[in-house]
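K.L.:
Below are the chains, spelled out letter by letter.
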Amino acid sequence: MSATPDIATLEAGTEIPGREFRPDTVQLFFYNAALWNADRIHFDHPHTTAVEGYPALVVPGPLLGDWLTQCVLEWLGDAGGLASFEYSNRRACYLGDVLHSRGRVVSVDRDRREAVIGLEIVNQAGEVTTPGTAVARFSRG
Amino acid sequence: MGASLDPELLARIGSTSGPQTEIVTRRDIRKYAIATGQRLSRFLDGEEAPPTFHVALFWPVVPMDQLAPDGVALDPMFPRVPGKRPMAGGLKIEYHRPIRPGDVLTSTRTLTNIYEKQGSSGSLVFIEVVMRIVDASGEMVLTEKTTRIYR
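Residue numbers (my numbering), protein chains in the order written: chain E, 20 to 160; chain R, 672 to 822.
The hints are simulated quantities; they were obtained by calculation from the structure and are not laboratory data. Built from N, CA and C at the ideal position, the CB exists for glycine as well. Treat the hints loosely; a few may be bogus.
Derived, one-sided and incomplete: chain E residues facing chain R with beta-carbon distance under 8 angstroms [claimed, not checked]:
hint, residue
1, Asn56
2, Asp85
3, Ser103
4, Tyr106
5, Ser107
Computed, partial: chain E to chain R, Cβ under 8 angstroms [claimed, not checked]:
hint, residue
6, Leu54
7, Arg59
8, Gly84
Some residues of chain R that are not near chain E, with every Cβ distance over 10 angstroms (derived) [what the hints assert, rightly or not]:
hint, residue
9, Leu680
10, Gly773
11, Thr779
12, Ser792
13, Ala807
The shape of chain E in the complex, shown without the other chains (with noise of 0.2 angstroms):
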């Protein structure tokens, strides 16, 4: 993991690392379970593409949520947490996708220790599927 960002010098436009995911059945039925969650679309394969027509299982949308905040706080490590977090679910993701997260610093306010960081989550055509935004605040050196 890279170094631990600082408040004193984060500029705008930084750059914050992202990663890949391919979710699986495996960590859909984890993640379902989980929340209590039987929406059939998220396991039920012939019901999902036959009966509500979609091209496979769908990616729950507050997966790729968090999948957002997980790119924030790794790239925070102990130097700060989350003020604030948003992101809509505005494009369907689906099993066999492969997705990516990735992020970069808009903002910073240094009085407040606050920066706003843009993040996405995009899909294998390059279409943002999840866009979000997180105010990190850091912590008192």
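Got chain E; can you put chain R on it based on the hints?
P.N.:
Below, chain R without anything else, positioned relative to chain E:
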């Protein structure tokens, strides 16, 4: 004007659900951390909950015979909108403090807004529900606003 925004639907604004109280366990945090593919040890070890853990903690525990045929639990806070199909929307969360094992958390949800916008392929209806989570001493833990879009 939107024919779908009938007075009966708009009368739902201000309705609440809860309070719902849940106990946070290390085991549930660890399961959620693994399921979401966390890599930070504080989450994998269950010392602290990942920032979206409350989504699982307060997901309604619904008996099988109360699920719709598609497996979905009907959420009374998100009423059906006549002639519209719900799409996944988004969340906005404000954090006050991390969630840890042993926390006893209480959530209350309020339907705060229903409104309509004209999209390129017809009208879209937006329903906003705010969930407030407090700890056993009444201190704010987080606030989450869910916006669901109906097309």
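K.L.:
Could you check if Gly84 of chain E really has its C-beta closer than 8 angstroms to a C-beta on chain R?
P.N.:
Interface hint status for Gly84 of chain E: holds (6 angstroms vs cutoff 8 angstroms).
K.L.:
Once the shortest beta carbon distance from Leu54 of chain E to chain R is found, is it less than 8 angstroms?
P.N.:
Since the shortest Cβ distance to chain R is 4 angstroms, the answer is holds.
K.L.:
Minimum Cβ distance from Ser103 of chain E to chain R below 8 angstroms?
P.N.:
Nearest chain R Cβ about 5 angstroms off; hint holds.
K.L.:
Minimum C-beta separation from Thr779 of chain R to chain E exceeding 10 angstroms: can you confirm that?
P.N.:
holds, 20 angstroms
K.L.:
May I ask you to test the interface hint for Tyr106 of chain E with respect to chain R, counting a Cβ-Cβ separation under 8 angstroms as satisfied?
P.N.:
Hint holds; Tyr106 of chain E Cβ to chain R Cβ min 5 angstroms, cut 8 angstroms.
K.L.:
Does the CB of Asn56 of chain E sit less than 8 angstroms away from some CB of chain R?
P.N.:
holds, 6 angstroms
K.L.:
Minimum Cβ separation between Leu680 of chain R and chain E greater than 10 angstroms?
P.N.:
holds, 23 angstroms
K.L.:
For Ala807 of chain R, which was marked as not at the interface, is the minimum beta-carbon distance to chain E over 10 angstroms?
P.N.:
holds, 22 angstroms
K.L.:
Does Ser792 of chain R sit more than 10 angstroms from chain E, CB to CB?
P.N.:
Ser792 of chain R clear of chain E: closest Cβ-Cβ about 15 angstroms, beyond 10 angstroms.
K.L.:
Are all beta-carbon distances from Gly773 of chain R to chain E longer than 10 angstroms?
P.N.:
holds, 19 angstroms
K.L.:
Tell me if Arg59 of chain E is really an interface residue toward chain R, meaning its C-beta lies closer than 8 angstroms to one of theirs.
P.N.:
holds, 4 angstroms
K.L.:
Is the hint on Ser107 of chain E kept, meaning its closest Cβ partner in chain R is under 8 angstroms away?
P.N.:
holds, 3 angstroms
No hint from the list above goes unmet by this structure.
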